[in-house]
Amino acid sequence: MALSTPSKFGASSAAGLTERITNGKRDVKGRVVEWLLLATLGVTLLILVALIVNLLDRAWPVLNGRFGDFLSSGLDASNAQEAGVWQAIRGTLTLAIIVIVVSFPLGIACAVYLEEYASRSRLARLIRINVRNLAGVPSIVYGILGLTIFVKFAGGITGGRTVIAGGLTLSVLVLPVVVITASEALRAVPRSIREGAMGVGATQWETVRSHVLPSAAPGILTGTMLALSRAAGEAAPLLLVGGITGLLRTGNLSLWEQITDGGFTSMPVAIFSYARQTGADFQAVTAAASLILLVLVVVINGLAIWLRNRFERNW
Amino acid sequence: MFIERETMSASTTQSWTVADLRLAGGRRRTDVRMRRLFIAAGLTTLLVTGLIVYTLVKDAFSFFIDVPKHELWNIGWFPRRGFFDIKTLVVGSLMVTGVAMLIAVPLGLGVAVYLSEFARPRVRRVLKPIVEVLAGIPSVVLGYFAIAFINPNLITVLAPGANKAFNIAAAGVAVGILTIPIIASVAEDALRAVPLALREASYGLGARRVATTFRVVLPASISGVVAALILGISRAVGETMVVAIAAGAVGGGLFSTDPFQPGQTMTAAMAALGFGSDQVAGDGLAFQSLFFIGFLLFVLTFLLNLLGDRLVRRVREEY
Amino acid sequence: MNETRKLVEQENVVEENHEEVMTRQVASHDDVPVFRTKDLSVFYGDFRAVRDVNVYIKAREITAFIGPSGCGKSTVLRCFDRMNDLIPTARVEGTVEYHGVNLYDREVDAVEVRRRVGMVFQKPNPFPKSIYDNLAFGPRLNGVKKKADLDVIVESSLKRAALWDEVKDRLKASAMGLSGGQQQRLCIARCIAVEPDVILMDEPCSALDPIATARIEDLMQEIKRDFTIIIVTHNMQQAARVSDQTAFFTTEVNPESDRRTGVLVEFDKTQKMFSNPSDSRTEAYVTGRFG
Chain A
1 MALSTPSKFG
11 ASSAAGLTER
21 ITNGKRDVKG
31 RVVEWLLLAT
41 LGVTLLILVA
51 LIVNLLDRAW
61 PVLNGRFGDF
71 LSSGLDASNA
81 QEAGVWQAIR
91 GTLTLAIIVI
101 VVSFPLGIAC
111 AVYLEEYASR
121 SRLARLIRIN
131 VRNLAGVPSI
141 VYGILGLTIF
151 VKFAGGITGG
161 RTVIAGGLTL
171 SVLVLPVVVI
181 TASEALRAVP
191 RSIREGAMGV
201 GATQWETVRS
211 HVLPSAAPGI
221 LTGTMLALSR
231 AAGEAAPLLL
241 VGGITGLLRT
251 GNLSLWEQIT
261 DGGFTSMPVA
271 IFSYARQTGA
281 DFQAVTAAAS
291 LILLVLVVVI
301 NGLAIWLRNR
311 FERNW
Chain B
1 MFIERETMSA
11 STTQSWTVAD
21 LRLAGGRRRT
31 DVRMRRLFIA
41 AGLTTLLVTG
51 LIVYTLVKDA
61 FSFFIDVPKH
71 ELWNIGWFPR
81 RGFFDIKTLV
91 VGSLMVTGVA
101 MLIAVPLGLG
111 VAVYLSEFAR
121 PRVRRVLKPI
131 VEVLAGIPSV
141 VLGYFAIAFI
151 NPNLITVLAP
161 GANKAFNIAA
171 AGVAVGILTI
181 PIIASVAEDA
191 LRAVPLALRE
201 ASYGLGARRV
211 ATTFRVVLPA
221 SISGVVAALI
231 LGISRAVGET
241 MVVAIAAGAV
251 GGGLFSTDPF
261 QPGQTMTAAM
271 AALGFGSDQV
281 AGDGLAFQSL
291 FFIGFLLFVL
301 TFLLNLLGDR
311 LVRRVREEY
Chain C
1 MNETRKLVEQ
11 ENVVEENHEE
21 VMTRQVASHD
31 DVPVFRTKDL
41 SVFYGDFRAV
51 RDVNVYIKAR
61 EITAFIGPSG
71 CGKSTVLRCF
81 DRMNDLIPTA
91 RVEGTVEYHG
101 VNLYDREVDA
111 VEVRRRVGMV
121 FQKPNPFPKS
131 IYDNLAFGPR
141 LNGVKKKADL
151 DVIVESSLKR
161 AALWDEVKDR
171 LKASAMGLSG
181 GQQQRLCIAR
191 CIAVEPDVIL
201 MDEPCSALDP
211 IATARIEDLM
221 QEIKRDFTII
231 IVTHNMQQAA
241 RVSDQTAFFT
251 TEVNPESDRR
261 TGVLVEFDKT
271 QKMFSNPSDS
281 RTEAYVTGRF
291 G
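Chains as they are written, first to last, in the numbering used here: chain A, 1 to 315; chain B, 1 to 319; chain C, 1 to 291.
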């Protein structure tokens, strides 16, 4: 009875059975589906390649012709020959510093609260849901928040439409990203480490400072870098809080005056300004600026991903 | 040299007092202070949400009170002329999102299924970071890509009547590209959360990989896959820069349902109201409309995210 | 004055409950035990994990908690250094006295309790740092700053944990590189370094091979001269080998909720528990007919 079972599936001889067992290659439908899936991945990667090739191609006149000049020229959306990115680069760096100073400590502290101090309280649950929802709020909405709070309400402190207001807006924007990634990193630290520290009489804070945070540091760093690259690529909220899109004159203002008083721009805002202009000259300028921003963001992201994979620990 | 052990020497013949089990004041105070600091940081995130809701609701409400209601259903969106046709923006946003999903759903889910179920670990280790790089592309760059590449090489080729400079479809494709990594990563997480035992059970019954994937793994993780789509939609609805650059109609636009013509979306309209030459001064109705659209957008994405989040967590709880 | 009377009253109750235990302790009636629990119950949320535990732990003895899994012996152990505080839903009823002080008094700091009552866990949990830093962490918290002082503490603690000879040449190496048995002895040394009064051990050998287990058992006999030790173990032979007193716990099924609650069945000298237990359930367990 048992021996006759294979014949039910059409393999009556030993050869037939062998064929049935090894016929994976005849599974046409399976092959097609697998190829289709692989094709989706291929198309996705192809988009990436097309993007880079297109940018290089369009940017070539600038890269080849006046790259040094391009790097050192200011924002000028009326004359492609004069247009450059140095103010934008400086603006993006200033914004990044503000984000690092404001958002990282705040976000990490919030994650520590959620994971170490209040893991199951009602408040913690509320904050967790809240953070996840904040992460999904469109960036332009943060622009409204920045405009109302940082530009108008706190204009006396920030100086109104300044890089400080912009930096604070971006800090709030990436805060949920920092909290979520830092929480994940903290959660990956095994409980035994905490018990070990508390078992020899460490307070909660001493445990966090000496063991939990150092153990979670690579993961937290990865998260903060992802947040930083997100901030570096954002334009929408900056448009609302005063990122300059036309012509930015910095004149004789000192660096401090520019920060507290003057207008500001950033790489994504500059790209937006240039992308709105017509003509091949501006296309080249836009592509070159895009390329610089893309390299910057990809380098930060790549570093973060590498860091994560490098320090991925199995406890 | 050693830690003070005055009480230790007290043999078991004497009772200790509570004071023996008090922590040194300095350490206790530091601990309490740090705890308060962390709680404050946690509360800050609630404050952010509170401020967002407050700022949006306050001006959105006064806009809604002040605006002549017939202007909300009009021929188009021209805020400085007093035309506040909401349907122009909503339909524009829906068209962009629709086109984006046409691109992002098959590609995102395909990538997720391939990486989770078919790719060998080594291949996966190489490919996954590349998909993650895609997630990091700034939206302004994709906006530029939409007008410099997608429109001339794809949209106007497939639809010869399409606007040569700006149109909804090109912006939608670019938004779709932005959405691929979100759908891919949320869906992949959901697929990988399905226990190996379920797959083994399926293989044990003689099912092949494709059957196992589509009849066992996908159904088992369906709520996570749906969550991926919802979160993708939410991201697409909220995308601003791609649309502001590639969809045209910066200052305003007539109501239109043609995806191959320039169009206006909620997000692009907000950007246009806020920046540069289109900046609206003072407390006029046009300026307040910024908050009104912002409020609509916030509520819409909030509901989508809440739903998506529920579904994601359901997958996590199931396994 | 009032408190003394309360203490005496409590003692009377304990005497009634545990006549045998008290008869041999009556000679040292004035002694304050290291730990004394009175009708101790631990809850996780609504669920009562263990109930009505009355034990009396004497200084410089080894007390073993044995019983089938789920009987609450680890839960009770974790009351003694208030590790249960870390579980948000955990709640304690009854009293735990530590040298006569109510351990769950509002004024008592769990952190200070844990410094005096060290804990060794089931799975060795060295910090992912150097051997030296593992040892120095506790003393540093307590204000030992000078390197020379720390060096002395590290060396003496490692010596007392019988680990010094094996690691003295690589104190700066990561503790994660040690074998499981070495890691567990490192964790014991880490406890010793803060000069505790009691060391709690939660199945310290369950992750170790027999040779490493034997070394830990020898070590326990060594350090028992200085420390009071309470050990939770699954291994009855281990309890019989190392302990002076034994508490046997088992589970009872609550007929209403169908959930298992741990109970203390018998608490006596180890020798008596294993040769002539007074409860039939203990006898069944130690002779291997149950559990």
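Since the hints were made in silico from the structure, they are not lab data. For each residue, glycine too, the CB sits at the ideal point set by N, CA and C. Any given hint could turn out to be false.
Some chain C residues flagged as far from chain A (calculated, every beta-carbon gap over 12 Å) [stated by the list, open to error]: (1) E112; (2) P128; (3) K168; (4) Q182; (5) E256; (6) S280.
A partial selection of chain B residues facing chain C, derived with a Cβ cut-off under 10 Å [as the list claims (entries may be wrong)]: (7) T17; (8) L23; (9) A24; (10) P152; (11) N153; (12) V157; (13) D189.
Structure-based check of all given hints:
1. Look at E112 of chain C: its CB is around 7 Å from the nearest CB on chain A, not clear of 12 Å, so calling it non-interface is violated.
2. The Cβ of P128 of chain C sits about 6 Å from the closest Cβ of chain A, inside the 12 Å cut-off, so the non-interface label is violated.
3. With a minimum CB-CB distance of about 21 Å to chain A, K168 of chain C clears the 12 Å threshold, and the non-interface call stands.
4. For Q182 of chain C, the non-interface assignment is confirmed: its Cβ lies about 15 Å from the closest Cβ of chain A, beyond the 12 Å cut-off.
5. Its beta-carbon lying about 27 Å from the closest one in chain A, E256 of chain C satisfies the requirement of being farther than 12 Å from that chain.
6. At roughly 37 Å, the least C-beta separation between S280 of chain C and chain A is larger than 12 Å, which holds for a residue marked as non-interface.
7. Interface restraint check for T17 of chain B: the shortest CB-CB distance to chain C comes to about 6 Å, inside 10 Å, so the restraint holds.
8. For L23 of chain B, the suggested interface contact is upheld, since its CB lies about 4 Å from the closest CB of chain C, less than 10 Å.
9. Nearest Cβ of chain C to the Cβ of A24 of chain B: about 8 Å, under the 10 Å cut. The hint holds.
10. Look at P152 of chain B: its Cβ only gets to about 55 Å from chain C, farther than 10 Å, so that hint breaks.
11. Checking N153 of chain B against chain C by beta carbon gives a least distance of about 53 Å; that is not within 10 Å, so the hint is violated.
12. Annotation: interface hint on V157 of chain B violated; nearest CB of chain C at approximately 57 Å, more than 10 Å.
13. Taken as an interface hint, D189 of chain B does not check out: its beta carbon lies about 27 Å from the nearest beta carbon of chain C, beyond 10 Å.
Checked against the numbered hints listed earlier, the structure breaks hints 1, 2, 10, 11, 12, 13; every other hint is satisfied.
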